[in-house]
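Asks: Please assemble the complex out of the two chains, which come individually in their own frames, going by the hints.
Residues per chain, in single letters:
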Amino acid sequence: MATDSSSVANQRVVDTLAARLRRRQVVGSRETALETVLVLRQVISKARFSNIDQLVEIIRSVGRKLVEAQPKEHTVGNTVRKVLHHIREEYHTASKGTAVVSTSKDTLSIAKFVLQGQPRKQNVPQKTTLNESHDMLKENDADDPDAFARTLKPVLMEAIQDVLDELETVHDNISKNAKDHIHSDEIILTIGKSSTVEAFLKAAAPYRKYTVIVADTAPSYGGHDMAQSLSSAGISTVLVPDSSIYALMSRINKVMIGAHAILANGGMFAITGSLLVATAARAHSTPVVVCAGQFKLTPQWNLYHEYGALDFADPSSVLGFEEGNLVDKVDVVNPFYDYVRPELIDAFITNDGDHPPSSVYRLIKEAYDDEDYEL
Amino acid sequence: MSATATITMSALPSKSTIKLAPAQSHAEASSSQAQNQPPKSQKQMTKAERREQQERQRAAKAATKAAGPQPSGSNQNSAQVKKGAPPAASTSASVKKGGKGPDGKPTKDTKETTSDDSARGLRIFSHFGLPKPPGPSKGDIHPAIIRLGLQFSEFKIVGANARCIATLTAFKTVIQDYVTPPNNTLSRHLLTHLSPQITHLVSARPMSVTMGNAIRELKLEISGSDIDLPEQDAKNLLCQKIDDYISERITIADQVIQETAGTKIKDGDVILTYARSSVVEQVLVGAWDDGKQFSVVVVDSRPMLEGKKLLSVLCAMGIPCTYLLLPSIGSVITEVSTVLVGAHSLHSNGAVFSRAGTALVAMMAKQHSVPVVVCCETYKFAETIQLDSFTKNELAPAGDIFSSFPLTRSKDTLTLNKQLNLEILNPLYDLTPPSSITAVVTEVGVIPPSSISSIPLALGRTTL
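Which chain is which? The protein sequence lines are A and B, in order.
Take 1 as the starting number for the first sequence in the numbering used here and just add one per residue.
Take 1 as the starting number for the second sequence in the numbering used here and just add one per residue.
Chain B with its partners taken away, still in its complex shape (with noise of 0.2 Å):
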């Protein structure tokens, strides 16, 4: 199993250095172009090439090392080819001055000159999660982990919920197909196993909040569980508490909430969502099953165009439906009753951090006095507080991979790609402040979002 799961991914290697070869050629070859041109006191030129050849390739793969930790990387290899003679004649003058410095040094000399040459707009934006290649894997993964960071860098797997399901279930195999080494307990070491999965599964694309806490969980679980247990025995219940997990905070928590939000819903009312939540999705077809009489507006965005999905379900059902792009919504807004959002996480201070656009929606409904409902499970929950959608993002690959534009504007008169002085950004959440929010439907009830750090208190334990 794990011999079979090497090999393929061997193949991945050479596909990461290939898909960060042209931004490290742009600047190799601005620096080739920039030894031409200054006149150099160098000795003796083969010694000098060497040296600088020796240079490049450190410089190539400490910028590979740096790209992979920090996300900055090709923002700054952008940067860097923005602005070609400066940097490159810095690599040039950090070859003058020792050619045997440490690896890190002469990167860093072009990082910091880069750093001051790239403009302002494009270093508030570095500590972005970027979408990252699959790397390759460290240690033996699990060919379904393997699987699931396909799956997730590749978005074929979307939203917090379903990543969660996706990512517990996954670990259930690996957890069945597990075996203790001998001299060793399954508790502790179980854990270290599990290590660098979670990390294949964080390079596949950062961890959403959810597979946080799941994850948090079950971590607990398993150094809590008995020694004196059967190996099998053990792993039976391991994987029984992860389907307990599942079914009380995620399965269960849906009904309620599905539940409760129902009772919101009166005939005739005009129901306003933004992209595709699981939970609101819920909760419009139960109110459609019960007999409600209502219509919905989905309102829709780039980069995912998520909205879509939500649409063929509900109409699917014979739900009345509006269909309308983010911008447009300042038109409808006075014709909705109540808006019903999603949430990827919840923060201590109230906030609701969720899909890229949500603040916009919550914002205008506001304006238009129009209740905001945010329908959200408590293992979401999440105990940091964000100020604003700066502290932490992900950005969502540049390209068309979601079959986002619409036909009628032809592909090449679309900006697509990144050039010169232009970058292209989609981040993927934003944060939306506690004063947009009317109320946050949870399965412990329905709560203001000034209450929302008390859902730890509600659940009846001092930590989630």
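Here chain A stands alone, though its shape is the one from the complex (with noise of 0.2 Å):
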């Protein structure tokens, strides 16, 4: 392990990130997964290591930090298990020279049944000094502990690169195929504020003549700045508060909302209010459509709606102090995130293509490895 002047560099800026996240100063899927990737490319570029399990634990040892600071940020575990999986490939790829689909259990399961044969979509990596001295990736070595390190980690910050643009680029790839999936005067609910569902509505725009009903998803009224950003981009749309929805609902033709986290059985965890969405949409067999990226795919489960899974907001913007006699009489609740089963979700779009629920469970397997699941 290492242990001079950089680690302690390196804890800093994790500790930073980990205080940031605790305190929330950051919040959202994509702002975490940004500074996640930042922090932990500052991680790898400093770090020392002289074979692949130092450095996977290293990085471990982080991602352990900062998913304790906020467990409720799914993406931060996420990004942190991405990074691992684009390691072992390169790592696999400059030590053998192709891309190995396996992992290192020898367990049977069905998943490995299924996915036998079936290409890893990561891009193989052209590196030709690579392919060259591959012969040359010295592990422990004793007279020059760093020769492994130096000549891993350009590969490795290529692949966090990698990892990078896809975050930077997520919200382009959805909305590619916004005009197929939007058509002529449809009218369309959207509730909170989702910039991937934004910036999906946004690239139809030009294409197509739709309205969109936002609902003002009270308490934090994501719904007024939608409305207005959709508005201002030359989309009908009209305003309404959440008692409102059932009664619309009979009009809408489809259902459009972000997510915050998608879960390993292809449930989600999303703003308050699409569980309520999803449910009158269900009763009026109305389509679910969810658009999300991929850094959203979480392996962990909510199998028993567990209720502290939610998470918790200031509850004086549901009955605030100016209702002094009230305050300390009345138990406030304000959750801010709803779960929502599978069943009741049509689609995902993701900025890999478009997938149902029920194929989540693969993404995830393709996406992380298996012995990341447990940071």
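Please keep in mind that the hints were generated in silico from the structure rather than gathered at the bench.
Note that CB positions come from ideal geometry on N, CA and C, so glycine has one too.
Treat the hints loosely; a few may be bogus.
[What the hints assert, rightly or not] Some, not all, of what chain B presents toward chain A, calculated at C-beta under 7 Å:
| # | residue |
| --- | --- |
| 1 | D243 |
| 2 | C321 |
| 3 | L324 |
| 4 | L360 |
| 5 | F402 |
| 6 | P406 |
| 7 | L407 |
| 8 | R409 |
| 9 | S410 |
| 10 | N421 |
| 11 | D430 |
[Unchecked claim] Within a straight-line C-alpha distance of at most 20 Å, the following computed SDA-like cross-link-like pairs (lysine to any residue) qualify:
| # | chain 1 | residue 1 | chain 2 | residue 2 |
| --- | --- | --- | --- | --- |
| 12 | B | K308 | A | H355 |
| 13 | A | K329 | B | S312 |
| 14 | B | K308 | A | V332 |
| 15 | A | K254 | B | S312 |
| 16 | A | K202 | B | N421 |
| 17 | B | K309 | A | E323 |
| 18 | B | K308 | A | D314 |
| 19 | B | K366 | A | K202 |
| 20 | A | K329 | B | V270 |
| 21 | A | K254 | A | H355 |
| 22 | B | K411 | A | Q228 |
Replies: Set out below in structure tokens:
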């Protein structure tokens, strides 16, 4: 393990991000993912390791610290897992010269059976330097402990740059097929402010003429920002309170919402109100479409609908101190997220294509390595 | 009395025209802009200018008239603002066609083009009862009715029961002050005297089903009153009948419902209620007074945030309460034992027309197998069938008239006004389908939604 000043610098960088996460100075799936990638890049560039396990352990400990700081921001853990996955890919490519389709565990599993024969989606890097010198990948070299790190680091930096690029272009990739999903004269319902859905709707606007109904999503009232943004882009928008969602659902053609995190069973955490919208849509057989980047795929479950899995926000936006005499007599509940079961969702539109909730488990298997599910 | 009434009313017409003027001036400005740009083969500018001004004024007057009876007026006016050029071009086109067209023609042309241009999304809301400014009254309106109209339009009196009782009380004053003109009978002339009063109330806010039923009963009583009775006696009899109606169909009915629904509440229950129903409030207070130990979850929502009033009443009694907003209901519904809601009206197909959001609460409760009990008096029964919330609905005025936004969010970040491409709608009611309701508690018993159409039969008459 590295023991010199570089590790202290790494500590500082990691601790800063952990503190910001804990204080919720960094919120939102994409922002936290970007910050995490930048921190990991810094850690890896300064890290000293002589074999792959040391590197993995360094990254894992960083990931553990960050996830503990804010367990409700799932994209932090997802990004760490993704980076680990890329690192192992690069390492296998460098040391064996071919992409390996396997995990290190020997246990039989249906997932492994399913994945057999399916090529990994990630690109095999065309690193000519490494192909020439793959037999020079010295591990645990006693004379030159940094040799391993030196040869691997440039490749790792490339891999991390890939992750960063994917995060930065996620909105563009999701909106690529927007005009195929939205038809003329449609009425689409959305809630809250999801930057992904916003980009999607704006991408279709020049090609199609349609109306968007935005519910104002108490108590965060993100719907107001969304309505402002959409109407200034020239889309005909109607802003309604949440109470009229069922009333209007009979005229709505499709529902489009964003997600905070997509869970392993195909369910998702999304902003409060999404469960109401999805249930009302199911009652009227209206399709529910979720726009989310692949960085939101989380290898976790909420099978028992745990109440504590929802994050809780400030109660004064529900019942403020202006109701002075009520404030200490009443319990006020303000959950920030809803858990939406996979049966209520019809499709996930991600930057890597459209998928039904039933195949989310396969996406997770391809994106992350099994041994990283528990950081 | 009536002279002062007319004087105060004259202040209002100017207000109503001012309110409509901004929408009109937009259309006028855009039409004058369009006039400058496309080349026109007009012979004399002065004659054409005069003609154009005439058309504009006629269009404005027709639009004012149209905005009254047709609530789509302001929707389409804003649509007009949105697509400034095409309708303005059509106005100028109709000017060219013939300045002497009938009054309605220019507005009709613009309305056709705007309804084609305006988005489908806005057209579907065009029949909702839009909030109207209190217009000038026609005929003598009794001051009690004027006051009531103002209270309605400013949402100072809300709730089906409250509005009905207020209306009937005001009508009692009107009847007592009424003097039958010579050569007329009370039973015939009083009806014509009441019509403009009723129209005034409707113009302030669309009539509720309860008000409609009550007024229908009142008219029946009036037309059935004995011609030989001296006037004061007839008036006293009518006021007595009104008091009886309020007492029987509302007050005593509420007490019966309170006892019946109270038996559904057991110790340790968690009762969920939505917004504020006067009947549910009575039920909860009554059950607590009987010594039952339960807790209440109050769910509330914009635009009206009425739940806070219910919350203060319940807290004052010491009932343990939880308060949350409608979107959060998914997290607590698993802990709830019963859902109690009120209604605005019941329909023959078993659907319940109630405050917007009730349908969502009932749907979530049904999903989690929580019984949904609607507490409703029989006089709220309406013989019509409503299939969804679009059949009949009312819109609250846009903006923050109920102070329903939290102070933690500054007002300028919120979208409170209509803008280009942005429409703000606040439907006040929605329809809960019979499949989401478990039972309706009325004063004639606890009935399943499928039997609602037999309520008139249960009351012993063929019509309500």
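Asks: For every hint, state whether the structure bears it out.
Replies: Hint check:
1. D243: violated, 35 Å
2. C321: holds, 5 Å
3. L324: holds, 4 Å
4. L360: holds, 5 Å
5. F402: Constraint on F402(B) not satisfied, violated at 11 Å.
6. P406: holds, 4 Å
7. L407: It holds, given that the least Cβ distance between L407(B) and chain A is near 5 Å, below 7 Å.
8. R409: R409(B) check passes; min Cβ-Cβ to chain A is 6 Å, inside 7 Å.
9. S410: violated, 11 Å
10. N421: Constraint on N421(B) satisfied, holds at 4 Å.
11. D430: holds, 4 Å
12. K308(B) x H355(A): The given pair, whose Cα atoms are some 43 Å apart, is violated under the 20 Å limit.
13. K329(A) x S312(B): holds, 10 Å
14. K308(B) x V332(A): holds, 12 Å
15. K254(A) x S312(B): violated, 39 Å
16. K202(A) x N421(B): Holds. K202(A) to N421(B) sits at ~14 Å (cutoff 20 Å).
17. K309(B) x E323(A): holds, 11 Å
18. K308(B) x D314(A): holds, 18 Å
19. K366(B) x K202(A): Cα-Cα ~37 Å, so violated.
20. K329(A) x V270(B): holds, 17 Å
21. K254(A) x H355(A): Between K254(A) and H355(A) the Cα gap is close to 17 Å, so the pair holds against 20 Å.
22. K411(B) x Q228(A): holds, 14 Å
Checked against the numbered hints given earlier, the structure breaks hints 1, 5, 9, 12, 15 and 19 and satisfies all the rest.
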